[in-house]
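Protein chains in written order, with our numbering: chain A, 49 to 163; chain B, 13 to 123.
Be careful, since some hints might not be right.
SDA-like, lysine to any residue: derived pairs with alpha carbons at most 25 Å apart [claimed, not checked]:
hint, chain 1, residue 1, chain 2, residue 2
1, B, 49, A, 77
2, B, 49, A, 106
3, B, 68, B, 20
4, B, 66, B, 82
5, B, 49, A, 160
Covered, in the sense of this in silico footprint (three residues per stretch, anywhere, with C-beta under 8 Å from a C-beta of chain B), are these stretches of chain A [claimed, not checked]:
hint, stretch
6, 80–90
7, 154–163
Which residues of chain B face chain A? A few of them, derived with a C-beta cut under 10 Å, are [stated by the list, open to error]:
hint, residue
8, 58
9, 114
10, 116
These are calculated hints, taken from the structure and not from any lab test. Keep in mind it's a predicted model, so treat the numbers as computed, not measured. Glycine residues also receive a C-beta, built at the ideal position from the N, C-alpha and C atoms.
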Amino acid sequence: KAGVTQTPRYLIKTRGQQVTLSCSPISGHRSVSWYQQTPGQGLQFLFEYFSETQRNKGNFPGRFSGRQFSNSRSEMNVSTLELGDSALYLCASSFVAGGRGDTQYFGPGTRLTVL
Amino acid sequence: DQQVKQNSPSLSVQEGRISILNCDYTNSMFDYFLWYKKYPAEGPTFLISISSIKDKNEDGRFTVFLNKSAKHLSLHIVPSQPGDSAVYFCAASVPASKLTFGTGTRLQVTL
Numbered sequence: 049k050a051g052v053t054q055t056p057r058y059l060i061k062t063r064g065q066q067v068t069l070s071c072s073p074i075s076g077h078r079s080v081s082w083y084q085q086t087p088g089q090g091l092q093f094l095f096e097y098f099s100e101t102q103r104n105k106g107n108f109p110g111r112f113s114g115r116q117f118s119n120s121r122s123e124m125n126v127s128t129l130e131l132g133d134s135a136l137y138l139c140a141s142s143f144v145a146g147g148r149g150d151t152q153y154f155g156p157g158t159r160l161t162v163l
Numbered sequence: 013d014q015q016v017k018q019n020s021p022s023l024s025v026q027e028g029r030i031s032i033l034n035c036d037y038t039n040s041m042f043d044y045f046l047w048y049k050k051y052p053a054e055g056p057t058f059l060i061s062i063s064s065i066k067d068k069n070e071d072g073r074f075t076v077f078l079n080k081s082a083k084h085l086s087l088h089i090v091p092s093q094p095g096d097s098a099v100y101f102c103a104a105s106v107p108a109s110k111l112t113f114g115t116g117t118r119l120q121v122t123l
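Pulled out of the complex, with its shape left as it was, chain B reads as follows (with noise of 0.2 Å):
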C-alpha cells in the first residue's frame, strides 16, 4: 500500500525553464511533508518542509506547495540548473512517527 506516490518516474527540464515535480499521498494524517534529493552514490539530503498548515514554502529557487484537499504536494525548481540534476523524493509523516517515502523522480536539466 503506496500512501506516498510519485507517478512520474522521471522529467526532463531545459536549463533555465522550471521543474515541477509532484507528489499525491492518501493518509490524511500526514501532517508533515518533506523534499530530498538524492545524487548517486550518497544519501538523500533534506531541500525542503511544508507543515499541514500552510500552502506554500519558498526557500531560494524551491518551493513547494501543499493542496491539502487534493492531497497533492508539488516542489518547483525556478530556474532549474544542471547542478539540480538528482533523485528527488518526497515523503511525509504523522506526528512523532516515521517518514514514508515516495518512489522518486529522476529529474535531467539539459543544456
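Next up, chain A with everything else stripped away, as it sits in the complex (with noise of 0.2 Å):
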C-alpha cells in the first residue's frame, strides 16, 4: 500500500506571496491532519479534515487555511506568506477522525523557506 505522499518537496517563496501544498493520504484513508513543525515548537497541529469537512482547527492565523476533495486528498494554502512561516509542513492521514495517534501516517513533509 503506498504511503502517505506530499508534494512538492521543497518550496522557496518570499515574503507576501501565496503558496499551497498539496497532501495524499493512504489509500482508504478520509482524514488528513496537518501540522507545522519547527525547531522552537515542535510539531504544531493546524488543522484536521474529515470527508471534506474541517473537523478541528489549531490555533493559527486565518492565512492558513485548507480543504480536502472527494477522494481525500487536501491542500493547504498560506497567503501573505511572513518569514516565520519557514517550516516543515507534515500531513497525516488515517482512516477515521479524531484517531489516537497510533493510526495516524505521516508523510515526508514539505520544507518551504519564505525569503
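Two independent chains are provided; combine them into the complex using the hints.
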C-alpha cells in the first residue's frame, strides 16, 4: 500500500506570496491532518479534515487554510507569507477522524522557506 | 502555552546502554500518550503509546512509563542501537481531539 505523499517536497517563496501544498493520503483513509514543525515549537496542529469537512482547527491565523476533496486528497494554503512561516509542513492520514495517533501515518513533509 | 514539554533538546548515549527520554505535560485531561520517532527527511512514525489507565507499556526494546501524579512520561530504550538515532517526539491527546506534540529530543547513539 502506498504511503502518504506530499508535494512539493521543497519550496522557496518570498514574503507576501501565497503557497499551496498538497497531500495525498493512504488509500482508504478519509482523515487528513496538517502540522507545522519548527525547531523551537515542535509539531503544531493546523487542522484536520474528514470527508471534506474541517473537523478541528489549531491556533493559527486565518492566513492558513485548507480543504479536502472528494478523493480525500487535501491542500493547505498559506497567503501573505511571512518569514516565520518557514517550516516543515507535515500531513498525516488516518482511517478514522480524531484518531488516537497510533493510527496516523505521516508523509515526508514539505519544506517551505520564505525569503 | 506549551502543554507538552520535552526539556532536553538532545541526548547522547552509548550503544548497548539505556536511553531515557522524558516528557512533561500540564493538561490533566490528557488520557492518551504516544511517542513518535523521526528520521531526517521523513515524517514521524508511531513508536509506542500508553493509555492513562496504565502506568507502563512495553514493546520489545521500548517501554513507556506514565506517572500521572507527576504528569510525567518517559521512554526507555534498552539496549540502545545506532539505528535508534533520531528525533523523538512525545504527544498527548484528550478524547476525540487532536494530538499535542512536544518539541522533540534528538537522540544520538554512539558506538
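| task | Could you check if residue 114 of chain B really has its C-beta closer than 10 Å to a C-beta on chain A? | result | holds (5 Å)
| message | For the stretch 154–163 of chain A, count the residues whose Cβ lies under 8 Å from any Cβ of chain B; is that count three or more? | response | holds (count 4)
| message | Check whether the Cα positions of residue 66 of chain B and residue 82 of chain B lie no farther apart than 25 Å. | response | OK: residue 66 of chain B and residue 82 of chain B at ~14 Å, within 25 Å.
| request: Assess, step by step, whether the Cα of residue 68 of chain B is no farther than 25 Å from the Cα of residue 20 of chain B, and give holds or violated. | output: Cα-Cα ~22 Å, so holds.
| said: Run the distance test for residue 49 of chain B versus residue 77 of chain A: straight-line Cα separation, threshold 25 Å. | reply: holds (22 Å)
| Per-residue hint verdict: residue 58 of chain B, partner chain A, C-beta under 10 Å | Hint on residue 58 of chain B: holds, closest Cβ of chain A at ~5 Å, below 10 Å.
| task | Tell me if chain B covers the stretch 80–90 of chain A under the three-residue, 8 Å CB rule, please? | result | holds (count 5)
| For the hint on residue 116 of chain B, does the least C-beta distance to chain A fall short of 10 Å? | holds (5 Å)
| field | Satisfaction of hint between residue 106 of chain A and residue 49 of chain B, Cα-Cα up to 25 Å | value | holds (22 Å)
| request: Please work out if residue 49 of chain B and residue 160 of chain A have their alpha carbons no farther apart than 25 Å. | output: Judged against 25 Å, a Cα distance of about 22 Å means the pair holds.
Going down the numbered hints, you'll see the structure goes against none, and every one checks out.
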